[in-house]
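Colleague: Residues per chain are reported as follows:
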Amino acid sequence: MIKFDSKIPSGPLTEKWETYKTGLKLVSPANRKKLDVIVVGTGLAGASAASSLGELGYNVKVFCFQDTPRRAHSVAAQGGTNAAKNYKNDGDSVYRLFLDTIKGGDYRSREANVYRAAEVSNKVIDHYTALGVPFAHDYGGMLDTRSFGGVQVSRTFYAKGQTGQQCLLGSYSSLSRQVEKGTVTMYSRREMIDLVVIDGQARGIIARNLITGELERHSAHTVVLATGGYGTVFYLSTLALGSNPMAAWSAHKKGALFANPSFIQIHPTSVPVLNEYQSKLTLMSESLRNDGRVWVPKAKDDNRHPNEIPEEERDYYLERQYPAYGNLVPRDVGSRAAKERCDAGYGVGDTGLAVYLDFKDAINKQGKAAIKDKYGNLFEMYEKITGIIPYDEPMKIYPAGHYTMGGLWVDYNLMTTIPGLYAIGESNFSDHGANRLGANSLMQCSGDGYFILPYTIADYLADEIATPRIPTDTAEFDKAEKDVKERIDRLVNIKGSETATSFHRRLGKILWDYCGMIRNEEGLLKGSQLLKELEEEFYKELAIPGTGYELNQELEKALRVETFFEIGHLMIQDALNRKESCGAHFREESQTETGETLRIDEEYAYVAAWEYKGPDKKHIMHKEDLNFEFVELKQRSYK
Amino acid sequence: MGNKRIGFSTLSQKYVMALAGIFLMLFLVVHLTINLLMIVGDDGELFGEAVQFMITNPFIKIMEYVLFGGFLIHILLGVILEIYNYRARPIKYAKSLKTEKSRFSKYMIHTGVIIFIFLFIHFLNFFFVKVGFVPVPEYADSPHDFFPMAVVVFQNPLYSAIYLVALVFLGFHLKHAFQSAFQSLGLNHEKYTPAIKVIGTIYSIVIAVGFALIPIYFLFFYS
Amino acid sequence: MNITLKIWRQKNANAKGRFVKYNLENVSPEMSFLEMLDFLNEQLIKKGDDPIAFDHDCREGICGACGMYINGRPHGPEKKTTTCELHLRSFEDGSTIVVEPWRSKAFPVIKDLMVDRTALDEIIRSGGYISVNAGSAPEANSIPVDKHSSDKAFDAAECIGCGACAAACKNSSAMLFVAAKVSQLALLPHGKPEAARRVQKMVKKMDDLGFGGCSNTYSCQIDCPKGIDVEFIALMNREFFKAKVCKSKAK
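Chains as they are written, first to last, in our numbering: chain L, 1 to 639; chain F, 1 to 223; chain B, 1 to 251.
Everything labelled a hint here was simulated from the structure, so no lab data went into it. Warning: the hint list may mix true and false statements.
Distance condition first, Cα-Cα at most 25 angstroms in a straight line; then the derived BS3-like pairs of lysine-lysine [as the list claims (entries may be wrong)]:
#1 F:Lys-197 / B:Lys-242
#2 B:Lys-170 / F:Lys-101
#3 B:Lys-105 / F:Lys-101
#4 L:Lys-372 / F:Lys-197
None of the values given here were measured: they were computed from a predicted structure.
Next up, chain L with everything else stripped away, as it sits in the complex (with noise of 0.2 angstroms):
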């Protein structure tokens, strides 16, 4: 049976960070150099975390698949991020921070932890500001704040429309200061590929060169991942190519717990598919929908253009049911609000699988100009994508997989149930419960780098502080690397005639059709036999040229493919596993009349953890109890 404890501390809302912190064990700055810590992903969280670590004096590793850490996705979040400051004077604070996300996430999640990213947040605004993140200031000199969905304050500090690349370069910049210092080494163009657990503690990780091919080993006293989520299983989504969950899910594999894999977030706010080669759906920033109104006809399969429908024969649907937060209702409500419509047959474009998104009462109401400042690099990279001018005629949107809140279960220090593994940013389970609101991604991963992990990762370093530089000729790293390579060597082997692409987006399509925005049992199982059909002929047909020791790009995709296969059929298994309805997670058989979620509390109000048992076994689930001491479960109404 796998140790399993939440590490929670007791003790009121508002100090149990504050207690627990000053009860943590410290490493002093004449050891911390004598202990190695590999991080994995060069994201807001790894990037953050690399340097802060390299900051205090430990000997930091730091691995990315990209040919540069400042590459990593978090560089494509867009609107903004989420801070308790309240500048504007509206009310807000840790607390309303912590409400909003608790209640956005359908009462899911942790409230210790998300306590916590709320309390650290407005430290990450000053440090990103003092690091040279250039956020939008008002004339005075001030910082400038705006709404985003599901609250109803305007806590967002935003760049234009690139807050995730501003943030992450600010991130990059200082993890850049730390190779120079030489506290960082850096490995990009590396895959994780394995990790390396020796006597139940996580020591090092087997790393693909993806220039070279040879597979790297790498040693360490404690392993960070921070490698992001896994959206990509959808294959169409708004992440990058290269995003997977292959590092975590080696993880899994070796002992670590996977939290509510069946949470994923699905965007409403997505340019559409257009084509049938389409290999990305672009994200366009849910701020779009503080001056966007969003709608459909009133009348079914209404072909004229959208301007020349009138005002009385549209049909403002999120501002119809939802007149409290309108436009702003959480992501998972507008999505589904949009699927629908759609599938009522009020959809838009060739596909009617579109929604319009308006600006021309925001453009009337407060100029051209204006909207421009706000939006104009969003408005352009519609414009690049569609050929479509959104200041002249309503964008057109769809829903688009997103982001993961399930991953690796973690407890209140960030640790996978591996001792010395930590899980961090979207990589783990922790805060966003069955739905993340918008911007409270990048305010996570930054405060879990820079403000949480330094502190509880030193608690576990402090008993290394005896244990030698880990050696990487043992047999733990022996196996391990010759599991990698049989894995490798059978995957190139195959010498079908279908590329691991061709793979990805018929697995994306069953997982989109089954396992997507709404879920029932039947759906699901048929996914799951559909998937089981695909994944065999996966190992029957799958064409790879060339060997698995050389710059190899159909190699990584797949073995990244044969990952998302793993995490599909355990994505629904946790879909059927949890019969309720939550946030994201949207089962048929659990809805009220209105068709909106319904929890079902006395049985859900757990954390489903998945134990992995070896392969062709069903994974084991664990539950932790989520209790809500300090917040009243309500059914969640944005009307």
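Given the coordinates of chain L, work out where chains F and B should sit on it, guided by the hints.
Modeller: Frame of chain L; chains F and B shown alone:
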């Protein structure tokens, strides 16, 4: 993998290039102003006085050396940077479109070389006479008696043609040089830079056309 | 539509490369340039050939991974567009498209259209940061930042580090890249304390890595997918001058 270069950074070199260039551009204004006195129609009387002033004034004498230094530095750094820049791309593109905003910038070394060759001819005609490298022609009274020299040189259509062609290239060189010097020195401002660009264009035209008036005058209008 | 591609193929860094011609029939004008290459690669793999290696990731113009020299221009013919945002509708039916890797001494070819751009990382490492440790920052609003500077800093910070500026430059100079970072940090009050050190170190690093110098040709601005203005190069020149003339030597 870096390139060997002289001790200074490329930016410092560009700075010196620009400063020397600006100095040369100022010199051209003085040079043109005096030379235009040749074509006022007094058979070089006024011009002769100006020349007399220039060769006797001690400050101008010092400036002559500075001017030479300016030329040398400008040319030398231009060549060094060109070699350095050339080596920054050992394998060239198979297909390359010209997308530059400042068209003449690509040909600074080419126009520069043409101007350099022209400068040599120009020196043979005038400057070397003055310093005594070339014997004083019989139609001139002294090594400083430039007016008759100009008459003879420019009434030769071949020389006039060489001068005119060279001046066109000088104009091109200056067209880029003027605003480029400001950019290299970091003197850029959203309010003033557009004006600098316009002034640069006017300057390059005025210099080229101004100097061109002299051979044209002697070739067609002087008798 | 039908297109003919002439693509640079090179097995590895040391191999001699050459152009290989591919004919593609019935491709959709709505395909992105990279989707077209995916499509071509799919065909190559099915034939048992080696697919074309190229860098890409986000496919929405923000990560800066993609970069090819397409028909004589970095990122192709469209203004302010990365290769991944380029669509086939920008090309004529029946046209021939020449695709080359970035050519620069500082960007050695790894394979086919893939080049090594770690030189850009090295430049940032040499000084492209503000030295502040996590935990030591003052309250964010305690230092007012005037809107104009903040907006300008943002304009400079838009750089995605793709290397198109150096690929476009006739001298293969990375001035625009370096200038963008120097300017972003010099414009903000937080970046001023180490501005002099930063600009000197970064310029030196750029030179050491084998990038050429600036000839003020400004093709970098035209071909920059984010349209970063060469005014930042002037700003860097100014910063450099101030640092060299007015400050003591950078350590």
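Colleague: Enumerate the violated hints, using their earlier numbering and listing them in ascending order.
Modeller: 4
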